[in-house]
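K.L.:
The primary structure of each chain is shown beneath.
There are 2 protein chains.
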Amino acid sequence: MQKKQGKQSIVFAVPPYVTGTANIVGPMEGQGLLASYYDKIMEDTIGQHPSWEKCESFMLEWAVKEAVAKDSSQMDEIDYILAGDLLNQLMSTHFAMRSLGRPFLGLYGACSTLAEGLLLGSVLLDGGFGNKVAVGVSSHHDAAERQYRFPTEQGVQRPPISQWTVTGAAGTVLSLTGQGPRITVATVGKIVDLGIKDPNAMGPAMAPAAVDTLWQHIQDTGRQPAYYDMIYTGDLGRVGKKLVIQLMQEKGLDITANYEDCGCMIYRGEQDTQSGASGCASSGIVFTGYLYRQLQAGNLKKILLMGTGSLHSTTSYQQKESIPCIAHAVAIEAE
Amino acid sequence: MQKKQGKQSIVFAVPPYVTGTANIVGPMEGQGLLASYYDKIMEDTIGQHPSWEKCESFMLEWAVKEAVAKDSSQMDEIDYILAGDLLNQLMSTHFAMRSLGRPFLGLYGACSTLAEGLLLGSVLLDGGFGNKVAVGVSSHHDAAERQYRFPTEQGVQRPPISQWTVTGAAGTVLSLTGQGPRITVATVGKIVDLGIKDPNAMGPAMAPAAVDTLWQHIQDTGRQPAYYDMIYTGDLGRVGKKLVIQLMQEKGLDITANYEDCGCMIYRGEQDTQSGASGCASSGIVFTGYLYRQLQAGNLKKILLMGTGSLHSTTSYQQKESIPCIAHAVAIEAE
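Residue numbers (the working numbering), protein chains in the order written: chain A, 223 to 557; chain B, 223 to 557.
Hints are not guaranteed to be accurate.
It does not matter which identical chain is used: a pair holds within one copy or between any two.
[Claimed, not checked] Only pairs whose alpha carbons sit at most 27 Å apart, straight line, appear in this in silico DSSO-like list of lysine-lysine:
1. K226 with K292
2. K226 with K287
3. K226 with K262
4. K542 with K287
5. K419 with K292
6. K287 with K225
7. K524 with K473
8. K292 with K524
9. K464 with K225
10. K229 with K287
11. K523 with K419
Note that these hints are calculated values from the structure, not bench results.
Could you build the full structure based on these sequences and the hints that come with them?
P.N.:
See below:
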């Protein structure tokens, strides 16, 4: 049976269940709008660890283990782990995976990694290659800041368009059988690059990629935006979110009623994060916390989660290159 | 139908065909042992491009396009492209993908990326999610050297255990139908880290991961090493290769007769590459050139290709961490 639909979408024959989720965040996220939806809030951004990077690694390991525990599974029941983060060569992920001892496939999609992992995890299950997949993502403000921009301690003034990398990690277990919301459809993104070169302007850079994938999702599946209770992008922030609404309006579709960006849901206004949140953990902690509980409670029945990734590096920036972006979408539906 | 076999392996129900391969290399590889098996040999390592990184990106784009052309396909027949490289945030890959306009999934497995891509590409096809997948990998000596070690122009003396990153790119097209060798079985690796911290000693660091996956492949599938005409690891070099033979001997299996490392097949002794070749393109250019032709000609009928990845970063090295490694295996069999 051919499960591909249209140009970029997949309709799963046996939609995998999201059977367990967990997250862990830093103190700033723990003082934010969704504080009651996190499993663990750290007191600071380093804990007992010798570096921010190793703290991020600990968080990712913790989140995957906790998601497996919440699924009432043993780690050795997990057929594959798919995971990624923002650090060069996925440092947090690889060190987190050392202790887990499971077959592992590394992904790099920047902040689209959660959606990429849910998508490929669903492919593995629906394709008949296993019964359970764990997906893990993480990001860490202090580690990302010094890798991508300036020494974190320098406290460089941040422009209003900039976003704040979420310190956190998220784990999700997908199962071929079980109960709970299911991943029914996915749309795989293409690289979109409209020429933005400012690495502070990730929201505006990613917005066209999000619109490209959302538009293609609509074409491929015939599902209009109103099909979904809510459509979420991963980390466009306030500026990027406005652009998505505007670009969709130019295509004749009004999504103001049922569209939100995870990057606008995490911090309070007075937390001074400028345009909002970013990072793999932005969609990660929102999906595994607030959204998953809403789906379980029946408050949301059909959502489209769009991971958005800004695929630049410090090297590409130094070489005056623009920012290639991507967005992957997964439809998650409760019975 | 459950296609997982044993703890870490997959037996494909409809094994995908390898229907097109292409590669492009730098001048040093073009003077090496497999010179007649490359599609394009560059005159230098930068060409008309403003940086080594952008040259690598060009090479990857070229290799994927050429593989699609050799498959007699149009780019828009490719359902998904899976690709990755060694650079921070997959710089070469993302810039190469901009012009191709296909649904894209980014992978990071360091030098195991080819095997990871062939494996996940086969999962997508055998799972019913499409008809054609392209897999692309690249590495570039000059770009990798300055990212991982020292400024390339500095010409730091290299210890005998070190390896030379291959400058090259490889593209492969997998098809659900067609002719040619088929990917029949895959074994997904686990992270193995025995505590080696010297980033020059990647071969010895990766050897235990290769042995772990090879041993598990044997357990899962019941295929003894002699089942294969040849077993190839990706880039262990001469030192790592010896270790693999020794570690397998300790397990009671003699693989001296039918085991080779791609990293020992590329350069001539007098090319001063110390322990041999490394990089995503090491297994990439050997598989898409020499090995693919041998499979087509019937000189090889059953091979096991094991991509080996050294998953360290400069940050992890600076933080005194050891090197997590991984190996993924794919069995490729001609009719």
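K.L.:
Each hint should be assessed against the structure and marked as holding or not.
P.N.:
Hints versus structure:
1. K226 with K292: between (32 Å within a copy, 24 Å between copies)
2. K226 with K287: Close across copies (23 Å), not inside one copy (32 Å); limit 27 Å.
3. K226 with K262: So K226 and K262 fail the 27 Å test inside a copy (38 Å) and across (34 Å) alike.
4. K542 with K287: between (41 Å within a copy, 25 Å between copies)
5. K419 with K292: neither (42 Å within a copy, 35 Å between copies)
6. K287 with K225: between (31 Å within a copy, 26 Å between copies)
7. K524 with K473: Within one copy only: 23 Å inside a chain, 52 Å across chains, cut-off 27 Å.
8. K292 with K524: within (23 Å within a copy, 43 Å between copies)
9. K464 with K225: neither (33 Å within a copy, 45 Å between copies)
10. K229 with K287: Cα proximity of K229 and K287: across copies only (19 Å, versus 36 Å in one copy).
11. K523 with K419: Classified as neither; 38 Å inside a copy, 49 Å across copies.
Violation of the numbered hints given earlier is confined to hints 3, 5, 9 and 11; the remaining hints are satisfied by the structure.
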